[in-house]
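Undergrad: These protein sequences, in sequence, are chains L and H.
Here the first sequence stands for residues 1 to 308, numbered as in the working numbering.
Here the second sequence stands for residues 1 to 319, numbered as in the working numbering.
In short, the hints are calculated from the structure, not lab data.
Idealized CB from N, CA, C, for every residue including glycine.
There could be a bad hint or two in this list.
Covered by chain L, according to a simulated footprint, are these stretches of chain H (three or more residues, beta-carbon under 8 Å) [stated by the list, open to error]:
{"id": "1", "segment": "105–117"}
{"id": "2", "segment": "179–186"}
{"id": "3", "segment": "290–296"}
Spelled out, the chains give:
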Amino acid sequence: MTTLQPPPAAKARTARPPARGDRRSWRGWGFIGPFVAVFTLVFLAPIVYSIYLSLFRDQLIGGTQFVGLDNYQQALQDDQFWASLGRVSLFLAVQVPIMLFLGLLIALALDSGRLYGTDFFRIAIFLPYAVPAVVATLMWGFMYGTKYGLVGDINDAFGVTLPDPLSSDLVLASIGNIVTWEFVGYNMLIFYSALKVIPNSLYEAAEIDGAGQVRVITAIKLPAIRGALVIATIFSIIGSFQLFNEPNILRPLARNAITTDYTPNFYTYSLSFNGQQHNYSAAVAIIMGLITMVIAYVVQLRGMRKGA
Amino acid sequence: MSSTSSTSSTSSPATTAPAASAPAARVPRLRKRGDQDTRRPRRSVLLTVLTGLVLVYTVVPLVWLLISATKTQEGLADSSGLWFADDFALWDNIGDTFTYNDGIFGRWLLNTLLYVVLGAGGATFLAILGGYALAKFDFPGKRGVFAVVIGAVAVPGTALAVPTFLMFSKMGLTDTPWAVIIPSLISPFGLYLMWVFATEAIPFELLEAARIDGAGEARTFFQVALPLLAPGIVTVLLFTTVATWNNYFLPLIMLKDPDWYPLTLGLSAWNSQAETIGGDVIFNLVITGSLLTIVPLIAAFLLLQKYWQSGLAAGSVKE
């Protein structure tokens with residue numbers, strides 16, 4: 001990922017080591033070594049092991065056998081897998097733009113200097129980020145209740161019958177709302193931080209040119225935070241494809257609407273821990289990983305190239 | 001966010017970020033709100049109200065949680081969600097939360113603290129060491145380390161969960177605290193943030209001086225470098241703490257014994273308890289427990305605002 005580059009100062013300095021008389025040596029390994037060792041254990045080894053697992057199959061007769069790419073072939077023809085992928089893709093296409101757009105609007109509002117109580121808004125809107133997904137989902141789950149929850153209160157107070165947020169038709173949107181609530185403030189802060197480092201000289205130049213507020217936003221602010229927008233989008237894509245916690249915790253309240261193959265992550269989890277199909281589960285997880293990486297990479301290439 | 005006011009004249013976030021991370025901005029502040037006083041935009045009531053709507057959206061659930069924690073199981077069913085019931089049962093609820101089922105909630109709280117101290121603390125320590133190495137040393141394989149870490153970050157955690165479980169299972173680590181702590185020790189974001197911080201905050205001259213004075217590498221690190229990294233350390237520590245405190249998926253797959261559950265897993269178990277036949281319905285304790293779970297983190301975020309906001313400013317635009 002090219003967005004993650006060494007800090008410029010680091011590059012500049014490592015480029016001329018003799019200047020500080022510190023020749024290339026193994027001493028640095030004394031410091032990076034522990035990280036690399038644990039990283040190898042919890043990141044690299046599982047990836048390698050996962051690929052290995054995905055090439056085998058546990059059969060009733062003959063035990064575990066090497067089956068090549070059979071598991072992958074099976075996954076590509078697996079309707080449950082495609083249905084779950086379709087669900088998170090829909091989620092991605094609807095929830096992510098809403099969340100990022102809302103976060104961007106608030107960041108622009110805060111940065112405009114036109115709000116009363118900017119600092120208060122910034123911290124209060126960010127706070128849900130500190131709330132665990134478990135608590136966020138439990139809270140919203142209770143509030144969604146048509147009998148005792150807030151939805152029930154609204155029904156009673158206005159004598160209406162709102163649709164059940166936990167019904168099959170609406171539960172994906174309800175999950176989208178929970179995720180939006182959790183992360184809108186986080187994304188807002190990413191955008192806001194990027195907006196704050198735009199040099200003032202650009203605004204002065206815009207003022208001399210007589211540019212209005214809208215023009216300043218489209219011509220200066222948005223291009224300047226393009227990197228932050230791309231990063232937030234990539235994180236959101238990865239997050240959407242990995243959706244698990246919210247549906248998993250909401251499931252006791254919506255058992256019919258949320259199946260155990262609701263999202264790809266939920267599906268691999270169920271395959272592995274309820275069905276003991278570790279090998280097939282590994283293949284599905286690797287396919288999902290590859291899809292995620294490809295899409296994240298494409299978004300990054302497109303996002304970074306635009307007008308650059 | 002005084003330290004985010006930056007500096008360099010380029011508009012690319014990738015180059016302005018390290019400056020933003022400088023703890024005490026050593027650089028002239030070009031963009032400070034005060035500088036704009038002469039042409040400060042007029043405050044807008046309309047814009048404030050519109051942003052206020054979003055604020056209502058983010059705060060109402062938390063208010064609901066706070067109010068609901070004051071209600072009994074019956075009060076939860078009978079009263080409106082956004083106002084108090086007749087009985088004020090918050091203290092009873094808190095008492096019950098800690099005594100229910102032989103005080104297992106207290107045990108979950110201690111487990112969570114254990115995972116945070118060792119997991120988040122360890123992750124921060126490894127990130128500091130690694131970030132320092134990347135920033136201040138030129139060692140064989142440096143580019144390789146960088147490329148592999150970045151590449152692996154793009155791999156979704158999903159793909160890692162099952163094989164990690166199977167590996168740990170073979171090593172006999174599942175259903176022990178180590179299964180939760182060891183994977184928490186790696187924070188690529190933390191490593192990256194410390195790299196940026198160390199690059200900016202530690203002058204090479206200072207390290208050279210310490211070495212000339214005869215200090216060994218370890219002593220140079222602990223006595224010269226570490227104090228300079230303090231603001232970055234607080235930020236990384238706060239974010240790894242949130243990640244560990246809020247972790248759900250990892251303990252879910254690794255732990256079976258409720259005695260080792262963290263708070264998140266315990267609350268989820270209490271909630272689904274109502275589902276099982278003959279299960280005790282304790283939604284009032286689920287709600288009170290949820291409130292108790294988020295209070296420490298919200299307090300930490302509010303108290304340490306100035307650190308993490310500048311830290312995030314450095315990391316977010318670059319990461």
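Undergrad: Hints first: check each against the structure and report whether it holds.
TA: Going down the list of hints, with the structure as the test:
no., hint, result
1, 105–117, "violated (count 0)"
2, 179–186, "holds (count 4)"
3, 290–296, "holds (count 3)"
Hint compliance for this structure: hint 1 alone is broken.
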